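Enquirer: Sequence:
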Amino acid sequence: MPPRITPRTLKGFRDYPPAVMIPRERLIDTARRVYRSYGFSPIDTPALEYLEILSGKGSEETDKQLYKFQDHGQRWVGLRFDLTVPLARFAAEHVNELGIPLKRYHIATVWRGENTQRGRYREFMQCDFDTIGTRSIAADIETALVIHDLLRAIGFDAFTIRINNRMVLSGLLERLGLADRATAVLRALDKLGKIGPEKVAEEMISVAGATAEQAQNILRLSEVAGCNEEVLRQVEPLVAGSETGQAGVAKLKEVLDGVAAAGVAADRVRLDLSIARGLDYYTGTIFETFLDALPGIGSVCSGGRYDNLAELFTSQELPGIGASLGLDRLLAAMEELGMIEKVSTPAPVFIPYFEKDRLHDYLRLAAALRAAGIGVEVFCEPKKLGQQLKYADRRGFRIALIAGANELNAGTCQVKDLQTQNKQDVPLEANAASVIAAVKAILAQGNAV
RNA sequence: GUGGCUGUAGCUCAGUCGGUUAGAGUACCAGAUUGUGGAUCUGGGUGUCGUGGGUUCGAGUCCCAUCAGCCACCCCA
1 MPPRITPRTL
11 KGFRDYPPAV
21 MIPRERLIDT
31 ARRVYRSYGF
41 SPIDTPALEY
51 LEILSGKGSE
61 ETDKQLYKFQ
71 DHGQRWVGLR
81 FDLTVPLARF
91 AAEHVNELGI
101 PLKRYHIATV
111 WRGENTQRGR
121 YREFMQCDFD
131 TIGTRSIAAD
141 IETALVIHDL
151 LRAIGFDAFT
161 IRINNRMVLS
171 GLLERLGLAD
181 RATAVLRALD
191 KLGKIGPEKV
201 AEEMISVAGA
211 TAEQAQNILR
221 LSEVAGCNEE
231 VLRQVEPLVA
241 GSETGQAGVA
251 KLKEVLDGVA
261 AAGVAADRVR
271 LDLSIARGLD
281 YYTGTIFETF
291 LDALPGIGSV
301 CSGGRYDNLA
311 ELFTSQELPG
321 IGASLGLDRL
331 LAAMEELGMI
341 EKVSTPAPVF
351 IPYFEKDRLH
361 DYLRLAAALR
371 AAGIGVEVFC
381 EPKKLGQQLK
391 YADRRGFRIA
401 LIAGANELNA
411 GTCQVKDLQT
421 QNKQDVPLEA
431 NAASVIAAVK
441 AILAQGNAV
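No gaps in the numbering here: position 189 of the first sequence is 189 in this note's numbering, and each next residue is one more.
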């Protein structure tokens, strides 16, 4: 006997069985469809880049998490840890051929060698979309609309896109004389929902070096509450005198007005001055999206505006805005909310291999249904009908087309709805038109829950 | 990277003071039922007790290491 190798996967890396992969692919399809409906075009980039492209782009933290090694030609290379740095490189290389604005989406796997936790892996997928090369507020509005449409298309009705503008925060920090410590202060502020105002104040004082008074002044932002109009009214005096802050408030107004004009319900998009985003590179509008039913899971779609995406790669200034769907986190949420169908077949129709010598009849019937755009599986062994139906049931097929000697001799086919157990005998023509009609009728009913 | 908790059947778990052949539920397979699935009944254990060492007459049980998972910090999607 050959030595046996233990089958296993690396820490933080996962297998995706059919029952996991089917909803996953469905979600990706939805994201792709929504992105495309706004004119975003797909791109892809290599998983592996020169190390110099990737390192030093995020924080020290991302450098530590970077998977890096020497390739066979002794080149230092790294696996991409997000899709933004590859986009920066891509844009620097290709803007001139592609033109501006560059609207792209990118759905791909990224790798981070960090410690794992539930919903946090070392290999995971990001679904980014970005608009590069414009400072127009129209792009900010559109970004909010895409997030909105995306969540609706996935099947959520109750969610909140929280919106803020980094300039408002900068304006306030300027007034308080904390502009040089913005990163540390904002990082602390970002934790407000998680650890509460006292702890945030402590961190601002100990880590960011703010005074107690300064910390309290910043925290006043989080006390600003109410509907969007009320928030705007309260924030204006807080940034009075700061050109940056006032500009930020004006931008927020424009985004809110634009989104409303596009028909988004008023309570879907909410001003929230406490969201800051940990990352340094956001400079304008910031988005975070929370599910009303599961706020604890965190933001499922985040993003914002940046001034200069690719300054490390080109002298051409490339401002832009974009956001990223947290695919794995969202799937975890959908699972928890019972939105994931427990199905391990992507095809709705099952044809048992009933009569041993009538395989050709089954293949012909299946081909006719597939030509009509309906997924069909013909069972591959002429087992007992009961066993075959049990298989169909376990896999989650919706319909079985049963054709034994009785049916075939009578020129019919039994169409059985496996969910409701309804059976009907349908004439079986050469083109299977009646069967296709019956199948479509059942599928159109949706899931009888 | 730091700290804590946990690893026994596909899954959830029991397993006494260290004691000889490792147990339940569920899932799975087969049959009851050679033309109809989810129920019921019958039969079947499918296991390197995560892995490797150590202590011991003897280890699922105690010790060390390691791997993996969960939680918190950190950071983020």
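Bear in mind the hints are in silico, worked out from the structure with no lab data behind them. Fair warning: this is a prediction, and the values are worked out from it, not measured in the lab. Here a beta-carbon is modelled for each residue, glycine too, at the ideal position from N, C-alpha and C. There could be a bad hint or two in this list.
[Said to hold, decoys possible] In the SDA-like style, the derived pairs of lysine to any residue whose C-alpha atoms are separated by at most 25 Å in a straight line are:
1) Lys384 with Leu408
2) Lys390 with Arg364
3) Lys191 with Gly155
4) Lys383 with Asp425
[Claimed, not checked] Pairwise CB distance ranges, derived in the manner of DEER restraints:
5) Ile100 with Pro197: 40 to 46 Å
6) Glu254 with Lys440: 33 to 39 Å
7) Pro197 with Cys227: 17 to 23 Å
8) Gly411 with Arg120: 55 to 61 Å
9) Ala225 with Lys194: 16 to 22 Å
10) Val378 with Leu312: 51 to 57 Å
Enquirer: Can you let me know if the beta-carbon spacing of Glu254 and Lys440 is within 33 to 39 Å?
Expert: Given a distance of about 47 Å, which is not inside 33 to 39 Å, the answer is violated.
Enquirer: Can you let me know if the beta-carbon spacing of Pro197 and Cys227 is within 17 to 23 Å?
Expert: 22 Å, holds
Enquirer: Can the suggested window of 40 to 46 Å be confirmed for the beta-carbon pair Ile100 and Pro197?
Expert: 43 Å, holds
Enquirer: Has the given pair, Lys384 with Leu408, been kept, meaning a C-alpha gap of at most 25 Å?
Expert: 18 Å, holds
Enquirer: Taking 16 to 22 Å as the stated bounds, is the beta-carbon spacing between Ala225 and Lys194 within them?
Expert: 18 Å, holds
Enquirer: Could you tell me whether the CB distance from Gly411 to Arg120 stays inside 55 to 61 Å?
Expert: 58 Å, holds
Enquirer: Taken at face value, is the distance from the CA of Asp425 to the CA of Lys383 at most 25 Å?
Expert: Holds, at about 22 Å.
Enquirer: Keeping to a limit of 25 Å between CA atoms, is the pair of Lys191 and Gly155 held or broken?
Expert: 29 Å, violated
Enquirer: Can you tell me whether the CB distance of Val378 to Leu312 sits inside 51 to 57 Å?
Expert: 56 Å, holds
Enquirer: Does the structure keep Lys390 and Arg364 at a Cα separation of 25 Å or less?
Expert: Given pair Lys390, Arg364 holds - Cα atoms ~23 Å apart, limit 25 Å.
Checked against the numbered hints listed earlier, the structure breaks hints 3 and 6; every other hint is satisfied.
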